[in-house]
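Visitor: These are the residues of each chain, in order.
There are 2 protein chains.
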Amino acid sequence: MSKLEDLKKCLKEVTDLGYARALAEWDAQVNMARGGAEDRGDVVGTLVGLMVQKFTSPETAKALEGAEKEIAGLDSDNNDVRIVKITRREYDKYAKLPDGWMAKFARLTSVAQNAWEVAKEKSDYAHFKPYLKQIVEMRREYASFFAPYDHVYDPLLNIYEPGMKTAEVQAIFAALKPEQVAIVSEIASHPQVDNSFLLKDYEGQKQWDFGVDVITHFGYDWKRGRQDKAVHPFTISVGLDDVRITTKIEKNWPSASIFGTIHECGHALFEQGISPDFRHTILASEISMSVHESQSRLWENLVGRSLPFWKFFYPKLQALFPENLENVSLDKFYKGINLVEPSLIRIEADEATYNLHIMLRQELEIALMEGSLEVDNLPEAWNAKVKEYLGLTPPNDAQGVLQDVHWSNGYFGYFPTYAMGNLLSAMWWEKIHQDIPDLDSQIEQGKFNDLLSWLRKNIHQYGGKYEVQELSRKVVGSGIDPKPYVRYLRDKFSKVYGF
Amino acid sequence: MSKLEDLKKCLKEVTDLGYARALAEWDAQVNMARGGAEDRGDVVGTLVGLMVQKFTSPETAKALEGAEKEIAGLDSDNNDVRIVKITRREYDKYAKLPDGWMAKFARLTSVAQNAWEVAKEKSDYAHFKPYLKQIVEMRREYASFFAPYDHVYDPLLNIYEPGMKTAEVQAIFAALKPEQVAIVSEIASHPQVDNSFLLKDYEGQKQWDFGVDVITHFGYDWKRGRQDKAVHPFTISVGLDDVRITTKIEKNWPSASIFGTIHECGHALFEQGISPDFRHTILASEISMSVHESQSRLWENLVGRSLPFWKFFYPKLQALFPENLENVSLDKFYKGINLVEPSLIRIEADEATYNLHIMLRQELEIALMEGSLEVDNLPEAWNAKVKEYLGLTPPNDAQGVLQDVHWSNGYFGYFPTYAMGNLLSAMWWEKIHQDIPDLDSQIEQGKFNDLLSWLRKNIHQYGGKYEVQELSRKVVGSGIDPKPYVRYLRDKFSKVYGF
Numbered sequence: 001m002s003k004l005e006d007l008k009k010c011l012k013e014v015t016d017l018g019y020a021r022a023l024a025e026w027d028a029q030v031n032m033a034r035g036g037a038e039d040r041g042d043v044v045g046t047l048v049g050l051m052v053q054k055f056t057s058p059e060t061a062k063a064l065e066g067a068e069k070e071i072a073g074l075d076s077d078n079n080d081v082r083i084v085k086i087t088r089r090e091y092d093k094y095a096k097l098p099d100g101w102m103a104k105f106a107r108l109t110s111v112a113q114n115a116w117e118v119a120k121e122k123s124d125y126a127h128f129k130p131y132l133k134q135i136v137e138m139r140r141e142y143a144s145f146f147a148p149y150d151h152v153y154d155p156l157l158n159i160y161e162p163g164m165k166t167a168e169v170q171a172i173f174a175a176l177k178p179e180q181v182a183i184v185s186e187i188a189s190h191p192q193v194d195n196s197f198l199l200k201d202y203e204g205q206k207q208w209d210f211g212v213d214v215i216t217h218f219g220y221d222w223k224r225g226r227q228d229k230a231v232h233p234f235t236i237s238v239g240l241d242d243v244r245i246t247t248k249i250e251k252n253w254p255s256a257s258i259f260g261t262i263h264e265c266g267h268a269l270f271e272q273g274i275s276p277d278f279r280h281t282i283l284a285s286e287i288s289m290s291v292h293e294s295q296s297r298l299w300e301n302l303v304g305r306s307l308p309f310w311k312f313f314y315p316k317l318q319a320l321f322p323e324n325l326e327n328v329s330l331d332k333f334y335k336g337i338n339l340v341e342p343s344l345i346r347i348e349a350d351e352a353t354y355n356l357h358i359m360l361r362q363e364l365e366i367a368l369m370e371g372s373l374e375v376d377n378l379p380e381a382w383n384a385k386v387k388e389y390l391g392l393t394p395p396n397d398a399q400g401v402l403q404d405v406h407w408s409n410g411y412f413g414y415f416p417t418y419a420m421g422n423l424l425s426a427m428w429w430e431k432i433h434q435d436i437p438d439l440d441s442q443i444e445q446g447k448f449n450d451l452l453s454w455l456r457k458n459i460h461q462y463g464g465k466y467e468v469q470e471l472s473r474k475v476v477g478s479g480i481d482p483k484p485y486v487r488y489l490r491d492k493f494s495k496v497y498g499f
Numbered sequence: 001m002s003k004l005e006d007l008k009k010c011l012k013e014v015t016d017l018g019y020a021r022a023l024a025e026w027d028a029q030v031n032m033a034r035g036g037a038e039d040r041g042d043v044v045g046t047l048v049g050l051m052v053q054k055f056t057s058p059e060t061a062k063a064l065e066g067a068e069k070e071i072a073g074l075d076s077d078n079n080d081v082r083i084v085k086i087t088r089r090e091y092d093k094y095a096k097l098p099d100g101w102m103a104k105f106a107r108l109t110s111v112a113q114n115a116w117e118v119a120k121e122k123s124d125y126a127h128f129k130p131y132l133k134q135i136v137e138m139r140r141e142y143a144s145f146f147a148p149y150d151h152v153y154d155p156l157l158n159i160y161e162p163g164m165k166t167a168e169v170q171a172i173f174a175a176l177k178p179e180q181v182a183i184v185s186e187i188a189s190h191p192q193v194d195n196s197f198l199l200k201d202y203e204g205q206k207q208w209d210f211g212v213d214v215i216t217h218f219g220y221d222w223k224r225g226r227q228d229k230a231v232h233p234f235t236i237s238v239g240l241d242d243v244r245i246t247t248k249i250e251k252n253w254p255s256a257s258i259f260g261t262i263h264e265c266g267h268a269l270f271e272q273g274i275s276p277d278f279r280h281t282i283l284a285s286e287i288s289m290s291v292h293e294s295q296s297r298l299w300e301n302l303v304g305r306s307l308p309f310w311k312f313f314y315p316k317l318q319a320l321f322p323e324n325l326e327n328v329s330l331d332k333f334y335k336g337i338n339l340v341e342p343s344l345i346r347i348e349a350d351e352a353t354y355n356l357h358i359m360l361r362q363e364l365e366i367a368l369m370e371g372s373l374e375v376d377n378l379p380e381a382w383n384a385k386v387k388e389y390l391g392l393t394p395p396n397d398a399q400g401v402l403q404d405v406h407w408s409n410g411y412f413g414y415f416p417t418y419a420m421g422n423l424l425s426a427m428w429w430e431k432i433h434q435d436i437p438d439l440d441s442q443i444e445q446g447k448f449n450d451l452l453s454w455l456r457k458n459i460h461q462y463g464g465k466y467e468v469q470e471l472s473r474k475v476v477g478s479g480i481d482p483k484p485y486v487r488y489l490r491d492k493f494s495k496v497y498g499f
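Those sequence lines, one after another, are chains R and G.
At position 62 of the first sequence the residue is numbered 62 (the numbering used here), and the sequence of numbers has no breaks.
At position 489 of the second sequence the residue is numbered 489 (the numbering used here), and the sequence of numbers has no breaks.
Please keep in mind that the hints were generated in silico from the structure rather than gathered at the bench.
Please note: incorrect hints may appear among the correct ones.
[To be verified] In silico EDC-like pairs for lysine to aspartate or glutamate, Cα to Cα no more than 16 Å straight-line:
| # | chain 1 | residue 1 | chain 2 | residue 2 |
| --- | --- | --- | --- | --- |
| 1 | R | 474 | R | 77 |
| 2 | R | 495 | R | 38 |
| 3 | R | 316 | R | 326 |
| 4 | R | 200 | R | 326 |
| 5 | G | 12 | R | 38 |
| 6 | G | 177 | G | 38 |
| 7 | G | 223 | R | 38 |
| 8 | R | 223 | G | 59 |
| 9 | G | 8 | G | 59 |
| 10 | R | 12 | G | 38 |
[Stated by the list, open to error] Facing chain G, from chain R, some residues (calculated, C-beta under 7 Å):
| # | residue |
| --- | --- |
| 11 | 35 |
| 12 | 46 |
| 13 | 96 |
| 14 | 240 |
Since the model is a prediction, treat every value here as computed from it, not as a measurement.
Think of the CB as a built atom: it goes at the ideal place given N, C-alpha and C, for glycine as much as any other residue.
The whole structure should be built from the sequences, with the hints applied where relevant.
Guide: Following this line, the structure appears as structure tokens:
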């Protein structure tokens, strides 16, 4: 299969450039002094430009066409078949973009990311606005390259969720929303639980150490990655064997680092579990973000906010912070970390309200893309949606429209994958409990091997081999379905709040 | 000048790839977990391959030829003229290499660097040997592409020192060696000074803080760089405005971090001082390494090991480490840090013996390149040379042949630039004192502005615009001359040792 080999050689070069770019972006957020931003934007722009150039070159096109002939008749589940098919999918996507478009966009978002950081620090939307305007304009332009489409948001959604339609997501959200709202209001009608013990001084280094202990138990491989601090935590692979996570320590809110670290570790376990057979291929990188988020949310919530988990880890946490937790019982602690209350910051939101944060963002993104909302009016629109969905008013833009890194990165279309990830995580969870009946008692003993092995076998190893609905059907027999998540929320919070 | 603009556009792309590669190498030494080494080697190989591909492309060749016509008749000192001439020099160099050679070499050294780290840790030459064999083989092959040459070592030397011949360096070293040996033996015939106070526990964090204080006084711009720890300290620019240094803290030997930090800062001040007009051009990167080392050695030794410097900084150091230094007078401290004694580790060597470390390395490199020495026999040859030059026998390879990072990086031809840098630093120093008569008293007050401004004006701003001998003639009226350095050593050590 000589054309297939040619194709793989081209994909290797693209992969290497992708890792170089990932490193440049990791470094910009973790290490770089502000002075480096301009040069870094150029570097990222050049790397992305070359990636696109290589990926859409006549040599790739020829190898791809040849490889398509070579794989004809092979089983559709064959890895090589998938490599060729997904390369075709992505090739056709990039082929629609004018020369230099991706490089220009990468340069813009690299600089915009820095501007967003400054703007967030000062809670100064005006500082970020000119960059966001350009980003929105370029994202609308991006969508236009894919016309005709069913919905202007489809091409953006498909960057992160290949094969899905906006209408499909909207239908899922429409089914989910009333259930989610009903649960939140049922909770609100019951006495609030106490989490005042979380609002005390927790030494940063001990928070860090606890997080490290937890994810080491989970199976995060420190020989193939590292953890650093970042303003907005993220996970990034700068190699198949170098999967890095970041976390954020807040002195008076240990939940940020505990659940943030676990969340990113969930992503990292996925990346560390991709089959080495997929090294340098498109199957190691083009992964459904909903599936990815299903992993981060599964570890963060279904494991990390569960009673079995804390049966094992709470004594350790108590020993680190006796001054705050000595007199807090496990039951009280468990309820406290699961307190439900509409709040301003998505990444700190509880499980019952989290998806509401997502829905409001998706509506704003769609409005920006449709042109029914202008960037100038975004803070007001944001605040109105927060009022509508959560009944709150952000006191400033840092806690409002500037809170997320996504838009400065150009990630329009990404948010819905968090909610779909939540739904998938509950679907996997029901199946995992069927397959590992004593999972809870394993977790109570700090054992995560069987769980990790299950995830490796059923999800991680495949990387981007399957689109989300296909994987979902393969693992649990149906496409994305809100019901298991709703069942999970009802079951959990009826116990926490006693209804 | 449309061809010149085309040429600059090509150089910008090459520069961006160079920064991406620099970041990949910085990260490999500062951050990366060992598991990442294999992928990182691929990334570096791909980046270097693309750099060479872009730099030697038909487009560059055409733009270069066109630009050569466009600049005809312009003043030879004009920046554009220099950009074109130096591009031609480098283009002709790369054009001699077969396709893929540089990428293959970069991949090899990226992996070899990691193997060297492991080998050094375990003092296990055998672990590093297979990589070094390949590196030496490829470096000999590299030289062969430049045949006929006056000396097989010339093409390697010219990587770091364009325009110089091995014979020229050997002549300088031949003039220097007897003088240097005479000074060392004169010192040896006098009573040894005491530096026992340096062989105590010095808390790492305080060493770090002191180094930061010193280089902040020098004018290191923290908005355009950062400092980290590394096994083998180095300076690297990952952008014109992002110049990073690394240092090493040894608990029982504060000289390592103090003088190491100052040395790297000297390199960084050079890089931070390059004219912004040279952004994205070859003048910002293709710099004489002797001139570069003249900056690191000037700050490390002529400033950092001088009495005026310590008149200002010693009280600060005493205040940080009263338990070790309270009863050590300034005079005793100054003499102690200037103790001369043949020793095993180059980067810890005193000024009087340092060049001997260089000369022995150059002789070994030449022998390896000539083929009169095999990699198999290198540890024995190393130890024999150390015995000959320094009268010592390394107790193990970690303190012998494995001590330097250079060979794992493929840097054959680099070492002589350290010694030439020493010679240049003393030449500059005599001229600086003529131009700034009260420099010593400025330094005694912790003021380095005038010194830095002089260096910026006479050296830093030019980057790689001038080859070393041309710059030397421009600044002090003559080419590289060992006499000022010998005068400096005599003057200094006659006072320290009283002869």
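Visitor: Could you run down the list of hints and mark each one as holding or not?
Guide: Right, here's what the structure says about each hint:
| no. | hint | result |
| --- | --- | --- |
| 1 | R:474 / R:77 | holds, 12 Å |
| 2 | R:495 / R:38 | violated, 53 Å |
| 3 | R:316 / R:326 | holds, 11 Å |
| 4 | R:200 / R:326 | holds, 13 Å |
| 5 | G:12 / R:38 | holds, 13 Å |
| 6 | G:177 / G:38 | violated, 43 Å |
| 7 | G:223 / R:38 | holds, 13 Å |
| 8 | R:223 / G:59 | violated, 43 Å |
| 9 | G:8 / G:59 | holds, 12 Å |
| 10 | R:12 / G:38 | holds, 13 Å |
| 11 | 35 | holds, 4 Å |
| 12 | 46 | holds, 4 Å |
| 13 | 96 | violated, 24 Å |
| 14 | 240 | holds, 6 Å |
Checked against the numbered hints above, the structure violates hints 2, 6, 8 and 13; every other hint is satisfied.
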